[in-house]
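Protein chains in written order, with our numbering: chain B, 46 to 261; chain U, 37 to 402; chain F, 5 to 174; chain Z, 218 to 557.
Quick caveat, the hints were computed from the structure, so don't treat them as lab data. None of these values were measured; they are calculated from a predicted model. Hints may contain errors.
Claimed, not checked - Derived DEER-like restraints, expressed as beta-carbon distance ranges: (1) G237/U with A155/F: 39 to 45 Å; (2) R532/Z with F152/F: 28 to 34 Å; (3) A170/F with A120/B: 53 to 59 Å; (4) L149/F with D331/Z: 28 to 34 Å; (5) E282/Z with E42/U: 30 to 36 Å; (6) G237/U with V537/Z: 14 to 20 Å; (7) P499/Z with K171/F: 52 to 58 Å; (8) A155/F with F497/Z: 51 to 57 Å; (9) L233/Z with G135/F: 27 to 33 Å; (10) D131/B with L97/U: 41 to 47 Å; (11) A544/Z with G104/F: 48 to 54 Å; (12) V537/Z with N46/U: 31 to 37 Å; (13) S452/Z with A155/F: 45 to 51 Å; (14) G237/U with D331/Z: 47 to 53 Å.
Ideal Cβ placement from N, Cα and C applies to all residues, glycine included.
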Amino acid sequence: MADAPPPSDKPTASAAPAAPAHVPKAAVPTGPSDPPPPADLAPPAFLAALQAAVPGSVAHVSYWLGDWTLVVPAALLLQTAQHLRDGADAAFDFCSDVTATDWPPRAEGRFDVIYCLYSTRLRHRVRLKVILGEQQPLASVTSIWPAADWLEREVYDMFGVGFTGHPDRRRILMPEDWQGFPQRKDYPLEGPGELLMENPIDWLKLRQSRDQADIE
Amino acid sequence: MFDTNELVLNMGPQHPSTHGVLRVILRLDGEKVVDADVVIGYLHRGIEKLSENRNWTQIILLTDRMDYVAAATNNVGYCETVEKLMSIEVPRRAKYVRTILCELQRIASHCLWVGTHAMDIGAMTVFLYAFRERELILDLFEEFCGARLTYNSMRIGGLPLDIPPGWDKKVLEFCAIMDAKIDEYEELLTHNRIWLERTKGIGVISGPAAVALGLSGPPLRGSGVPRDVRKDEPYAAYDEMQFDVPVGTAGDTYDRYLVRMEEFRQSLRIVRQATEGLPEGPIVGKVPRLIKPPAGETYHAIESPKGELGYFIVSDGKSTNPYRFRVRPPSFCNLQGLRTLCKGHLVADVVALIGSLDVVLGEVDR
Amino acid sequence: MAQAIAFYFIAACILGFAVLVVSTKDTVHSVLFLVLDFLFVAALYVLLGAEFLAAIQILVYAGGIVVLYLFVVMLVNLKRPPEAHSDPHRRTMLGFLLAGAVLVEVGAIAIYGFSQPAMVPVPGAAMPVTGNTAQIGWLLYTSYLIPFEIASMLLLVAMIGAIVLAKREL
Amino acid sequence: MIDTLVIPLLKIVIVLNATLVAVTYMVLLERKVIAWAQSRLGPMRVGPYGILQPVADAIKLMIKEDITPVRADKWVFTAAPIISMVPALIVYAVIPFGPEVRLFGRQVTLYITDINVGLLFIVSVASVGVYGIILAGYASNSKYPLLASLRASAQLISYEVAVTLTLVSVIMMAGSLSMVSIVRAQESQRMWYAFAQPLAFAIFFIGGLAETNRAPFDMPEAEQELTGGFHTEYSGMRFALFFLAEYANMIVVSSVATTLFLGGWLRPFPNVAFLSFLDFVPSWTWFLLKSFFFLYVFIWIRATLPRYRYDQLMRLGWKVLIPLAIANLVVTGIVKVMLL
Chain B
46 MADAPPPSDK PTASAAPAAP AHVPKAAVPT GPSDPPPPAD LAPPAFLAAL
96 QAAVPGSVAH VSYWLGDWTL VVPAALLLQT AQHLRDGADA AFDFCSDVTA
146 TDWPPRAEGR FDVIYCLYST RLRHRVRLKV ILGEQQPLAS VTSIWPAADW
196 LEREVYDMFG VGFTGHPDRR RILMPEDWQG FPQRKDYPLE GPGELLMENP
246 IDWLKLRQSR DQADIE
Chain U
37 MFDTNELVLN MGPQHPSTHG VLRVILRLDG EKVVDADVVI GYLHRGIEKL
87 SENRNWTQII LLTDRMDYVA AATNNVGYCE TVEKLMSIEV PRRAKYVRTI
137 LCELQRIASH CLWVGTHAMD IGAMTVFLYA FRERELILDL FEEFCGARLT
187 YNSMRIGGLP LDIPPGWDKK VLEFCAIMDA KIDEYEELLT HNRIWLERTK
237 GIGVISGPAA VALGLSGPPL RGSGVPRDVR KDEPYAAYDE MQFDVPVGTA
287 GDTYDRYLVR MEEFRQSLRI VRQATEGLPE GPIVGKVPRL IKPPAGETYH
337 AIESPKGELG YFIVSDGKST NPYRFRVRPP SFCNLQGLRT LCKGHLVADV
387 VALIGSLDVV LGEVDR
Chain F
5 MAQAIAFYFI AACILGFAVL VVSTKDTVHS VLFLVLDFLF VAALYVLLGA
55 EFLAAIQILV YAGGIVVLYL FVVMLVNLKR PPEAHSDPHR RTMLGFLLAG
105 AVLVEVGAIA IYGFSQPAMV PVPGAAMPVT GNTAQIGWLL YTSYLIPFEI
155 ASMLLLVAMI GAIVLAKREL
Chain Z
218 MIDTLVIPLL KIVIVLNATL VAVTYMVLLE RKVIAWAQSR LGPMRVGPYG
268 ILQPVADAIK LMIKEDITPV RADKWVFTAA PIISMVPALI VYAVIPFGPE
318 VRLFGRQVTL YITDINVGLL FIVSVASVGV YGIILAGYAS NSKYPLLASL
368 RASAQLISYE VAVTLTLVSV IMMAGSLSMV SIVRAQESQR MWYAFAQPLA
418 FAIFFIGGLA ETNRAPFDMP EAEQELTGGF HTEYSGMRFA LFFLAEYANM
468 IVVSSVATTL FLGGWLRPFP NVAFLSFLDF VPSWTWFLLK SFFFLYVFIW
518 IRATLPRYRY DQLMRLGWKV LIPLAIANLV VTGIVKVMLL
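One chain only, chain B, in its complex shape (with noise of 0.2 Å):
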C-alpha cells in the first residue's frame, strides 16, 4: 500500500488491462480513465492526514478538471469517511452525491460507487470511489452522512449494490415488485412493452433465449 503523498503509478484501476474474463462486444470501455496528478501539482492538505489516519485508504489519488479522486478499498470506506467528515482540514460535512458507474468486462470489480463530497466550511470538494465486485456488499455511509440514506437507495435500485447497515434498503424509484436493475449496462433499454410490464420474469427468458440464439 502507497503512502507517498504524490501517488506514482497505482495497481488498480487504469493501470489493469482490459480483463480478459467475458468479453462481450468490442469497444466497451473497461474503466474509467483516472489520469494521476500532475507532478507539479500538490495534493489537497487533507490527503496525508487522511493516509496517516487510516493506512491503505487510499489505493489511487486522481486529479482532472480541478477535481480530486480518492479511489478507496470497499473494506475501509466507513473509517475513511469517517475520517473525512471529522477531520480538521478535511470536513466534509456535506455528502451532496452518492452514484455509481458500471463497467462490466472489468476484472477488479463490475461497479464504481462514487461519493461526491463537500466541505460547507473549508468549500471544498473531494470524490470518493470504491470498486466493487457484483455480489461484493458495501458498508453504508448512512450513519455518517444520513444524507446517503436515499442516495444509497438509488444506487441499490438503479445498480444492485448490496449496502450494509442500511435502515431502510428498499428500491426507491422503481415499484418494490422490479426485476432487474435498470441502470446496469446490460440492461435493455427497449423492453418488448407489455409483457416486460406484466410478466418481467417471463420477459427475461424470454431474452435469454434470444441470447442463446445469438451465441449459436
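The hints should help you fit chains U, F and Z onto chain B, whose structure is shown.
For chains U, F and Z alone, coordinates are given in the frame of chain B:
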C-alpha cells in the same frame, strides 16, 4: 393508560397538495404525525438511462423535463458540465445571457413556489398573483427561445440564438414591475398573523442537521448555512455579479419563506446588473463539429432554484454519447428531509412542509 | 282533538324510536335513532307549550351530548366478531332482575300517581313572572337552587376528571 | 282562514324560494368577488357577465352521476346531505326581514313567525346541522372524510359555546329571546347592539365564520390537506346539497348578525333624528343590505387570509373567545344591574 390505534393515512399520489405525484404514507396519532414514509418514483422516466443512449446535444432537451419549472437552469447546468469535460471557453456574452436566464428562471420558479405554498396554507389569492407575474417571465422566455415551459435554450459552448432586439429592455421593464409585486406578496403574507402561526416553529432544523441531511438551496440557507453554489463555486457570470446570500436563523418554515422572498430581490438585482452590463461579442465558443469529450469523469454543480443541481458525467472518449449520466437532483435530496421535518407535527403542517421544501416531482423521479 | 292526535302520534314515535335504539345492530344507527327520539321529545314539549324546554332539549341533547356519543361510537371500533357476543362474563339473570326492578318501580309510580291525584305542587301563584322561560328561571333559582348548584358542581368535577384522563402528561 | 293558513304558507313559499335562489347566486357572487380580488374576471360565459352561471351549475350537478361508495353506509350516506341542508332552511322561519307592513289592504308581518324563544330556536336547529357533517364523514367509510368530520364536530361544538355566550349578552340587553323583540329593543334603546356590545359582535362574527366552516376556519373541507374533507366521496346533487347548505348557513349567520347587532330592518343610526329622511326606503331593504355586507365580508376574508391550523383554531376558541365571551357576559350583567 389507553390503548389507542394509529391511523395510517395515505396522502397521494393523487392529492391536491403533494405537488404532482408524491406519496406520503403518514402514521397518525390523532392528527399528529408519528412517522412518515415518503414514496416516490411515480414520475420516473429513466432520464439517466435514456441519456446514455442519446448524443451529447440531444440530452439538453431531456434535462428540460427534470425540473420543468426551471428548465433553463437545468440546461445551463448540463451544458457547463460538458463544457468542463471538453475544456471549452464560453464567450462572456453567452455567460451573461445564461446568468439572466437562470435568474429569471429562479424568479419564475419562486413565483410558482410562493403561489402553491400559500395555497397549501389556504391563502388562495397569492397563487393567482404569483402566476400573473410568472406569465410575464414565460413571455420573455417565449420571445427568447419560442417555448414557454421546456426551453431547450442552451447549446454546448454557448447559446443557440442571440437575444432578440429590444429583449433586454423588456427584461428591465419586467424588473421594475416585479419589484412592486414582491412587496404585494409580502403584504399578504409576511406579517399576517395566521401565516406566522402556521409557519413559525414548523419543521425546525438546525444548520448542522440540515447539512447532514443533505439539504441544499433555500432549505439549507433557511437554517443559517450560507451555502450558495453561485458564491462558493461561481459559474456562468456570477463571479462578476454583486449579490447577497440571504440566510435564516431559526430554520423553520417561516425562515425558508423569508429566504426565498429575499432571493426574489437578489435575483432581480442580478438580472439588472447582467442586463445593463451585457457585453457584446460572439455567443458560441469554439466547439468542434462532433461533440465527443475526452475520456474522463467530472462533477459540476450549479445553484438551481431548488438547491444544488449537480451533474456527474462519465465520458468514455470513444462514442458520441455519455457513458454515464447522473443528475444530483436537489429536490430529491431535499425531499429526503421531509420525514425528519414532519415528525411530531400535524397533518396540516405536512402540507406546509412539502410546500416549504419546494420539490418538483419531475426532478425527484427523473 | 287535534292535540290528542298529535300527542299520540308523537308518543308512538318516541316509543318506536326508543325500541329501535336498543334493537339496531349498528351502533351509529342506534345513536341516530336516539337523536330522532330527542327531537320528538322536543316536539312533545312544544305541544305542552314549553318552547324554551323544547329548544334546550334540542340544543343540549340532540346538538351537544349525542354528538359526543357519536364521536365515541365512531372512533371505538365496535364491530366485534360474533363469538365475542357470547361473553363469559355476561350475567343474563342479573339483567332480567334489574329490568324487572325498573318495571316494578315505574309501575309503582304510575299507580301512586293515579291513586293520589291533584297533588300538583305548582307554585305558579307565588311566581311574580310570566312566560315559560322566565318561570323556569324563577323556579331554578328559588325552589331548586340547591339541586341546581349540586348539578353544576357535579359537572365541574366531571370536567376536571375528563381533562385528567385525556391529558397524558400533566 | 287567510290569516292563519294562506298567508303563512305563502310566506314560507316565498322565503324558501328566495333563499334557494339567493344561495345559488351567493355561489356566483363568491366566484365573482374572489375573481375580482385576484385580478381576473370570474365566470363570464353563461349569460352576460356570467349571470346565468348558477343555472348552468345546477344543471351540471343534477345530471352528474351520483356515486355511492361500495363500502359506504348507504342510508346514512344519503341522509347526511339532507340533514345538513334542512336545518339551514328551517332557521329562516324566525328571521325577521322587516316589521309589519300593509300589503293589499292587509296587515302583513315580514317574517314567517315570531316565537318567544326565537333565538334559542335558531341556535338549537343550527346545532342539529352538525350531524350532516359528522355523518357524511362516518358514512363515507374513508379516512379523509372521517378526519374532517372529527375536526368539524369538535370545531362546531367549541365555537357554539362562544357564540351562544355572546347571544346571552344580547339577550340580557334586549330582555327577550324573540328576534322581533330584539330589533324592537334596539329601536327603543336607540342603539345598534354592535356599538353597545362590540366585543360580543366581534366574537359572534368570528364564531360565525367558524360555524359555517368558512375561511380561515375551513378546516373540515380543507382541500389542500383533506382533499375536500367530509364531502370527498360525494358527487352530483348530494355534493351540491352540502355546498348549498354552507351558503345557506352563511346567509343565516349574516341575517342573525344583522338582526342582533345591526338593528335588523332599522335604518342606520336610529338615534340620529336628522337622518329620518331615510325612512322612505322600505325596511326590508336595510335588512338585505346589511346582510349583504356581512356576506361580502365573508367572501373578502376568504380571498385574503390563509387557513388556521386545527389546534390553533381550538386554542383560539377555548382560550381566547370563550373567556372573552364570559367576561363580556359578566360585565354586561353588572352594567345592566347597576343601571336598573
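Going through the hints against the structure:
| no. | hint | result |
| --- | --- | --- |
| 1 | G237/U with A155/F: 39 to 45 Å | holds (42 Å) |
| 2 | R532/Z with F152/F: 28 to 34 Å | holds (31 Å) |
| 3 | A170/F with A120/B: 53 to 59 Å | holds (55 Å) |
| 4 | L149/F with D331/Z: 28 to 34 Å | holds (32 Å) |
| 5 | E282/Z with E42/U: 30 to 36 Å | holds (35 Å) |
| 6 | G237/U with V537/Z: 14 to 20 Å | holds (19 Å) |
| 7 | P499/Z with K171/F: 52 to 58 Å | holds (56 Å) |
| 8 | A155/F with F497/Z: 51 to 57 Å | holds (54 Å) |
| 9 | L233/Z with G135/F: 27 to 33 Å | holds (30 Å) |
| 10 | D131/B with L97/U: 41 to 47 Å | holds (43 Å) |
| 11 | A544/Z with G104/F: 48 to 54 Å | holds (52 Å) |
| 12 | V537/Z with N46/U: 31 to 37 Å | holds (35 Å) |
| 13 | S452/Z with A155/F: 45 to 51 Å | holds (47 Å) |
| 14 | G237/U with D331/Z: 47 to 53 Å | holds (51 Å) |
Checked against the numbered hints given earlier, the structure satisfies every one of them.
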